[in-house]
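Put chain B on the given structure of chain A with help from the hints.
Line order of the protein sequences matches chains A and B. Take the first sequence: its letter number 33 is residue 33 in the numbering used here, and every next letter is one higher. Take the second sequence: its letter number 16 is residue 16 in the numbering used here, and every next letter is one higher.
Fair warning: there could be bad hints in the mix.
Unchecked claim - Partial chain B-side listing against chain A, Cβ under 10 Å, derived: (1) Arg136; (2) Thr139; (3) Gly140; (4) Glu171; (5) Phe172; (6) His174; (7) Pro179; (8) Gly243; (9) Asp252; (10) Leu254; (11) Arg279.
Unchecked claim - Label pairs and their in silico Cβ distance ranges: (12) B:Leu270 to A:Arg206: 36 to 44 Å; (13) B:Ser166 to A:Arg106: 29 to 37 Å; (14) A:Val36 to B:Ser166: 38 to 46 Å; (15) B:Ser82 to A:Arg203: 38 to 46 Å; (16) B:Asp66 to A:Ser82: 53 to 61 Å; (17) B:Ser52 to A:Asp234: 53 to 61 Å; (18) A:Asp66 to B:Pro137: 21 to 29 Å; (19) B:Trp283 to A:Arg203: 12 to 20 Å; (20) B:Ala68 to A:Gln180: 35 to 43 Å; (21) B:Glu217 to A:Ala207: 43 to 51 Å; (22) B:Ala109 to A:Gly32: 27 to 35 Å; (23) B:His46 to A:Ala282: 29 to 37 Å; (24) A:Ala47 to B:Asp138: 35 to 43 Å.
Derived from the structure by calculation, the hints contain no laboratory data. C-beta atoms are modelled at their ideal positions from N, C-alpha and C, and glycine is treated no differently.
2 protein chains.
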Amino acid sequence: MITLLESVDVRPSTVIAVDVGGTMVKGALVRGGAIVARAERSTFHHAAGAMSTIELVVDELLFTSDMAGSRATSIGVACPGSVHAGSGRVRNAVNLGWEDEPVAERLRATFSLPVAIDHDARAAALAAGASAGLDRPDTGPAVFIPIGTGISASLLLDGVPLTGASGRAGEFGHMRVVPQGELCACGQHGCLEAYASAGGIGRRYRAAGGSALLTTEQIVSARAHDAVAQRVWDEAIDALATGITAVTALFDPLCILLGGGLSRAGDALLLPVREAVGRSLAWRPLPSIQISALGPDAGLLGAALLTRALRTTSQNQEMT
Amino acid sequence: MITLLESVDVRPSTVIAVDVGGTMVKGALVRGGAIVARAERSTFHHAAGAMSTIELVVDELLFTSDMAGSRATSIGVACPGSVHAGSGRVRNAVNLGWEDEPVAERLRATFSLPVAIDHDARAAALAAGASAGLDRPDTGPAVFIPIGTGISASLLLDGVPLTGASGRAGEFGHMRVVPQGELCACGQHGCLEAYASAGGIGRRYRAAGGSALLTTEQIVSARAHDAVAQRVWDEAIDALATGITAVTALFDPLCILLGGGLSRAGDALLLPVREAVGRSLAWRPLPSIQISALGPDAGLLGAALLTRALRTTSQNQEMT
Numbered sequence: 001m002i003t004l005l006e007s008v009d010v011r012p013s014t015v016i017a018v019d020v021g022g023t024m025v026k027g028a029l030v031r032g033g034a035i036v037a038r039a040e041r042s043t044f045h046h047a048a049g050a051m052s053t054i055e056l057v058v059d060e061l062l063f064t065s066d067m068a069g070s071r072a073t074s075i076g077v078a079c080p081g082s083v084h085a086g087s088g089r090v091r092n093a094v095n096l097g098w099e100d101e102p103v104a105e106r107l108r109a110t111f112s113l114p115v116a117i118d119h120d121a122r123a124a125a126l127a128a129g130a131s132a133g134l135d136r137p138d139t140g141p142a143v144f145i146p147i148g149t150g151i152s153a154s155l156l157l158d159g160v161p162l163t164g165a166s167g168r169a170g171e172f173g174h175m176r177v178v179p180q181g182e183l184c185a186c187g188q189h190g191c192l193e194a195y196a197s198a199g200g201i202g203r204r205y206r207a208a209g210g211s212a213l214l215t216t217e218q219i220v221s222a223r224a225h226d227a228v229a230q231r232v233w234d235e236a237i238d239a240l241a242t243g244i245t246a247v248t249a250l251f252d253p254l255c256i257l258l259g260g261g262l263s264r265a266g267d268a269l270l271l272p273v274r275e276a277v278g279r280s281l282a283w284r285p286l287p288s289i290q291i292s293a294l295g296p297d298a299g300l301l302g303a304a305l306l307t308r309a310l311r312t313t314s315q316n317q318e319m320t
Numbered sequence: 001m002i003t004l005l006e007s008v009d010v011r012p013s014t015v016i017a018v019d020v021g022g023t024m025v026k027g028a029l030v031r032g033g034a035i036v037a038r039a040e041r042s043t044f045h046h047a048a049g050a051m052s053t054i055e056l057v058v059d060e061l062l063f064t065s066d067m068a069g070s071r072a073t074s075i076g077v078a079c080p081g082s083v084h085a086g087s088g089r090v091r092n093a094v095n096l097g098w099e100d101e102p103v104a105e106r107l108r109a110t111f112s113l114p115v116a117i118d119h120d121a122r123a124a125a126l127a128a129g130a131s132a133g134l135d136r137p138d139t140g141p142a143v144f145i146p147i148g149t150g151i152s153a154s155l156l157l158d159g160v161p162l163t164g165a166s167g168r169a170g171e172f173g174h175m176r177v178v179p180q181g182e183l184c185a186c187g188q189h190g191c192l193e194a195y196a197s198a199g200g201i202g203r204r205y206r207a208a209g210g211s212a213l214l215t216t217e218q219i220v221s222a223r224a225h226d227a228v229a230q231r232v233w234d235e236a237i238d239a240l241a242t243g244i245t246a247v248t249a250l251f252d253p254l255c256i257l258l259g260g261g262l263s264r265a266g267d268a269l270l271l272p273v274r275e276a277v278g279r280s281l282a283w284r285p286l287p288s289i290q291i292s293a294l295g296p297d298a299g300l301l302g303a304a305l306l307t308r309a310l311r312t313t314s315q316n317q318e319m320t
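Chain A on its own, in the form it takes in the complex (with noise of 0.2 Å):
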C-alpha cells in the first residue's frame, strides 16, 4: 500500500476539473498543476439541465484518460451558489436552476470516483494563490480579487481562502464607496460593483451617453479620445482604490493579485490603481498588487487542486 502511495506521489495523477458556469461547463483533464486535455459543452445543452451536461463532460474526459493509459483518479468541482464542501451540496444556484443539488453525490454514484467541490471564487482564488507561491505555511495573508461581471475578494491565510460561517465570505462588491451612490442589484446604493465591474463599467458608460456599442474592454482602449469613457475609468479605479485600502487596512496582505476579465486590462489597470491606493495609504507600507498570470483557467485549475484534500485524506485513512 505504501509503494503504491509513493508511486503516486512521483507519477503526478490525472485529475478531472469542472468549471461550471451559467453559459459554460468548462472541463480539464489536469496533471502535475498543467491541464493535458479539455471539454467544453453548454451548461443547457442538455434539456435535462446543467448536472446531466456535467456528467457529459466528465464522461468525455474520462474517455480520454482512459485513451491516454492514465485514467483520472478524482474529480474537483468549481461552482457558483452555496456551495458546502463537507457534504458537496449546492444551494441557490439561480444561474443553474439548482435550489439543493446533492452534487458531489451524484458524480460519485455516476463515476465510482472520489469527488471535491467548493465554490467557484474559492477556487479560483486556491488555484491564484498557488500559481504565486503563497500557498506555502507562514507567507502571510494575500487576496485575490476577480474583476469580472461582479468582485469578489478572496482572503488567503496560507493559500487557503476564508470561508466564512455561511459560506459567504469574499463578497467585497457589496462593499459601499459611493453614500447615495448608484443602485446595486443587491438593493443597497454605491456597492463596489456598481462602479468598477467589468458589467458597471459597460452600464455607466452607456448612462452617460457613450456607445451602446463598445465592450468594456473597448471602452478602456477608447480613454485617450473619449471623455465620457475617461471619467467611468477613472470613477471605477477610485472606487477599487476605496475598496484595496479598506482590505488593506483590515488583512494587512502580503500580496493583492488581480484577476478575472478586467484585469486583461494591465496596467491600464495596474498602475492608477497603484497610485491611488498608495495616496490613501501613504502612512504604512503598501502590500504588492500584481495582476495574476493564470487568466480565465483559474477556476479549472482551482478545481483539480480541490482533489489534493481528497488524497490526503485517502492516504491518512489507509495509512492508519
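The following block gives chain B in isolation, referenced to the frame of chain A:
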C-alpha cells in the same frame, strides 16, 4: 514531571498580566480567567521611562502573589506599537517613547519568568473572543471592534486574531467611508475613525457649534434635545454601519462584538447600527451584532491569555 503538569491543569496557575498604555500601566494577577489583584501606575511615573514602570508594576504583583502563597508563573504583556510576538520586541511605540525595545527579554532577565507579548488590540480581541465562547475550533470567524480614541477590527479565526503580513492587520479606522470627507490624522480624507471614534465624534460636535464642555458620552445623551448632537451621532452610526457592512461582506463572520469606550453607549449604539447594517445587507442573513461583555479589562485579560501559549510550549518541550 507529568504529575506536576497535571497538577497545573487542575489548579490553575497565577499569571501576571500587564496592559501598557500611553497614560497608565495597568497590571493584574489573573487566576483561572479572573482578576484576583490589581496594580496601576502612571506610565511616566519613573523618569527612567515606561519600561521601569512596567517592572515596578510586575514587581508589586509578584510580591502580592508571593504573599498569597501562589507565586505567579509567567508574565503576559499587551502594548501598543509594532509588536513582534516571536522576538518579544516592540518598535515604533511613539506614546511610550520606544523605537525598538526588547520588552520580553528585559522582563525575563529581571524576573526569571517566561514572558509572552502581543499588540494590545489583538490581546483585547483574544479576551473578547474567549469571553463570548468564540475560541473553540470551527465556531466560524468573528470580529471584535473596539471603538475608543481610534477604531480597529480584529478578525478572530478559532479565537485567534489575524496578525497580517507586517503585524498591522485590523486598521479598520482608516477605511474610507466618505469620499472627499474630513481630513484624518493619517493624511487620508473621509476615514471611518474621523466620523465614528469617540475622539472624532467630540471633535465634529464642537466644530459644528456644539458645547466644548461635553464629553462624548454626554453628547450621546444630549441627542434628544440637541440637533447638532443628533446629526453628528447619526453620521457616526452611518459611517460605522458602512464599515460593518464591508467587514460582514468580506469575512462573513458569525458574530461582531463591539467594545471600547463608545460601546458603553449600549442600545443607543447597538440598535441603530443593527438597523442600518440590516438595511445594507438585505440580500444576505445578518451576523449577530453584540456589545462585548468584557469592558475596560479586555486588554488585561487578553495579556493573561497570551501566557497560555507559553504553557503549551513548555509542556511540549518537557514532554519531548
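Hints, one by one, checked against the model:
1. Interface restraint check for B:Arg136: the shortest CB-CB distance to chain A comes to about 13 Å, outside 10 Å, so the restraint is violated.
2. With a cut of 10 Å, the hint placing B:Thr139 at the interface with chain A holds, because the nearest CB-to-CB distance is about 8 Å.
3. Contact between B:Gly140 and chain A, as hinted, is supported at the beta carbon level, the nearest pair being about 3 Å apart and thus within 10 Å.
4. Proximity of B:Glu171 to chain A holds as hinted, the smallest CB-CB distance being about 4 Å (cut-off 10 Å).
5. Residue-level restraint check for B:Phe172 holds (minimum Cβ-Cβ distance to chain A is 6 Å; threshold 10 Å).
6. The criterion of a C-beta within 10 Å of any C-beta in chain A is met by B:His174, whose closest approach is roughly 5 Å, and the hint holds.
7. For B:Pro179, the suggested interface contact is upheld, since its CB lies about 6 Å from the closest CB of chain A, less than 10 Å.
8. Hint status for B:Gly243 relative to chain A: holds, with the closest Cβ pair at about 8 Å, below 10 Å.
9. Hint status for B:Asp252 relative to chain A: holds, with the closest Cβ pair at about 2 Å, below 10 Å.
10. For B:Leu254, the shortest C-beta to C-beta distance to chain A is roughly 4 Å, which falls under 10 Å, so the interface hint holds.
11. The beta carbon of B:Arg279 is positioned within 10 Å of a beta carbon in chain A (closest approach about 8 Å), and the interface hint is therefore held.
12. Judged by the Cβ atoms, the range 36 to 44 Å given for B:Leu270 and A:Arg206 holds: they are separated by roughly 42 Å.
13. Range check, B:Ser166 to A:Arg106: Cβ separation about 46 Å, and the 29 to 37 Å hint is violated.
14. Checked against the hint of 38 to 46 Å, the pair A:Val36 and B:Ser166 passes, with Cβ atoms roughly 40 Å apart.
15. Judged by the Cβ atoms, the range 38 to 46 Å given for B:Ser82 and A:Arg203 holds: they are separated by roughly 43 Å.
16. For the pair B:Asp66 and A:Ser82, the supplied restraint of 53 to 61 Å holds, since their beta-carbon distance comes to about 57 Å.
17. In this structure, B:Ser52 and A:Asp234 meet the distance hint of 53 to 61 Å, their C-beta atoms being roughly 54 Å apart.
18. Look at A:Asp66 against B:Pro137: about 42 Å separates their beta carbons, and that is not inside 21 to 29 Å.
19. B:Trp283 and A:Arg203 have their C-beta atoms about 19 Å apart, which keeps the hinted 12 to 20 Å range intact.
20. Taken as a hint, the range 35 to 43 Å is violated for the pair B:Ala68 and A:Gln180, whose Cβ atoms sit roughly 60 Å apart.
21. The given range of 43 to 51 Å is respected by B:Glu217 and A:Ala207, whose C-beta atoms sit roughly 46 Å from each other.
22. Range check, B:Ala109 to A:Gly32: about 52 Å between beta-carbon atoms, so the 27 to 35 Å window is missed.
23. Taking 29 to 37 Å as the suggested C-beta distance range, the pair B:His46 and A:Ala282 conforms, at roughly 35 Å.
24. Between A:Ala47 and B:Asp138 the beta carbons are some 41 Å apart, a value that agrees with the proposed interval 35 to 43 Å.
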